[in-house]
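The opening position of the sequence shown corresponds to residue 141 in the working numbering, with each subsequent residue numbered one higher.
Honestly, the hints are just simulated from the structure, not real lab data. Just so we're clear, the structure is a prediction, and the values are computed from it rather than from any experiment. Everything hinted at is true.
Below, simulated DSS-like cross-link-like pairs (lysine-lysine); rule was C-alpha separation at most 27 Å, straight line:
# : residue 1 : residue 2
1 : Lys419    : Lys316
2 : Lys388    : Lys419
3 : Lys530    : Lys488
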Amino acid sequence: MALRIVSGRPDPALLGLPWHLPLEEWTEHVVPLPRGLSRHVVRIVRPGTNTYAVKETVEEIAFREHRMLRDLQRIGLPAVLPQGVVTGRVDANGEPLPAALLTQHLQFSLPYRSLFSHGLTAENVPSLVDAMVVLLVRLHLADFYWGDVSLSNVLFRRSAGGFAAYLVDAETGELKPSLSNQLREHDLTIATENVFAELLDLQASQSLDYEVQAHEIVELLRERYDALWNELTAAEEFSTAEMWRIEKRVERLNDLGFDVDELDIVTDWDGDQVRIQPKVVELGHHRRELQALTGLDVEDAQARRMLNDIASFSAYWDLGREDRSLVAAKWLTQTYEPVLAMIPTDRKLEPAEIFHEILEHRWYLSENAGHEVDFLEAARSYMDTVLPAKPDEKVATEDD
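Model the full assembly from the supplied sequences, consistent with the hints where possible.
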């Protein structure tokens with residue numbers, strides 16, 4: 141049987157991988173990056189300039205998951221990018237080997253276990269839960285049934301002091317014409333059961349403080365899921381004298397980082413009562429706004445922090461009467477780009493996250509000094525005293 145690589149983004153370097161060996165025997169091109177727990181053998185490899193995760197599985201399942209990840213990418217949901225499927229593998233004796241699914245390694249991401257080994261504490265657990273809740277709600281809004289919700293099936297990227305979560309395993313997932321409340325509830329039940337077990341496992345391995353009550357964390361997961369889902373989808377009724385509440389509802393959703401693409405507005409027969417319900421909501425409000433102003437593509441929480449800094453920049457330089465895009469351009473050249481130039485080539489964090497941390501560092505320096513510290517001075521202090529101690533969460537790319 142001939143080796144076959146099905147890929148929407150052909151990379152000739154993949155042909156040089158030792159496909160004739162079981163994945164567990166691979167040593168060449170293997171990158172020693174943290175991997176999450178998996179039922180399958182997984183290796184992270186770098187055969188050329190790009191880094192991939194390779195997972196051995198059944199051929200039919202590999203193609204199904206590849207198609208599912210492509211569908212998630214097409215509709216803009218946070219998941220790893222599929223690279224291809226390899227079939228027709230045989231060993232030196234001609235015996236068949238499992239098919240392999242390839243996905244692109246998500247830059248600056250870590251599995252939850254590695255986050256705790258990199259210094260994450262019990263105080264950060266709610267932030268992980270929030271990121272997972274946002275991911276699950278986004279998937280459910282898109283009528284995606286996951287079927288295997290767990291911390292192990294998520295990769296986390298730092299985002300303005302919190303986290304952004306990405307789906308990394310779509311093996312059991314399904315896109316439905318319409319996701320029922322029963323399937324949503326089933327996903328949420330699976331999430332609470334799996335997260336509960338994973339937290340206990342972290343405590344057993346002494347990676348997490350025993351003071352953390354696992355049952356309280358999973359209750360928090362359910363509470364925050366219900367609260368976010370209701371805020372995004374629940375109907376709201378009020379009198380026609382309170383029409384301002386329509387705008388307030390949209391503003392609340394924008395503050396959460398969501399845009400409303402469609403709002404269902406219904407009045408009663410007498411025209412005295414109004415009922416509104418968001419129909420289509422999409423995360424990334426601040427991200428899209430920043431990208432339109434500056435061209436920067438970052439996580440939504442990072443974008444919100446940068447938009448706030450642009451507003452502060454405008455107030456400081458009395459640019460309130462200037463066109464907002466011109467203010468953003470000045471901010472880019474006078475604030476953001478000088479900071480980028482200061483970041484060492486072996487940077488350990490994503491540039492947008494470094495920028496956020498510099499803002500935090502400047503606040504502490506200013507508080508201690510009793511006056512506003514110059515931004516570039518704070519940046520130099522951060523590069524000298526804070527960044528070197530950060531754990532390395534980066535894999536080199538061809539752009540470095």
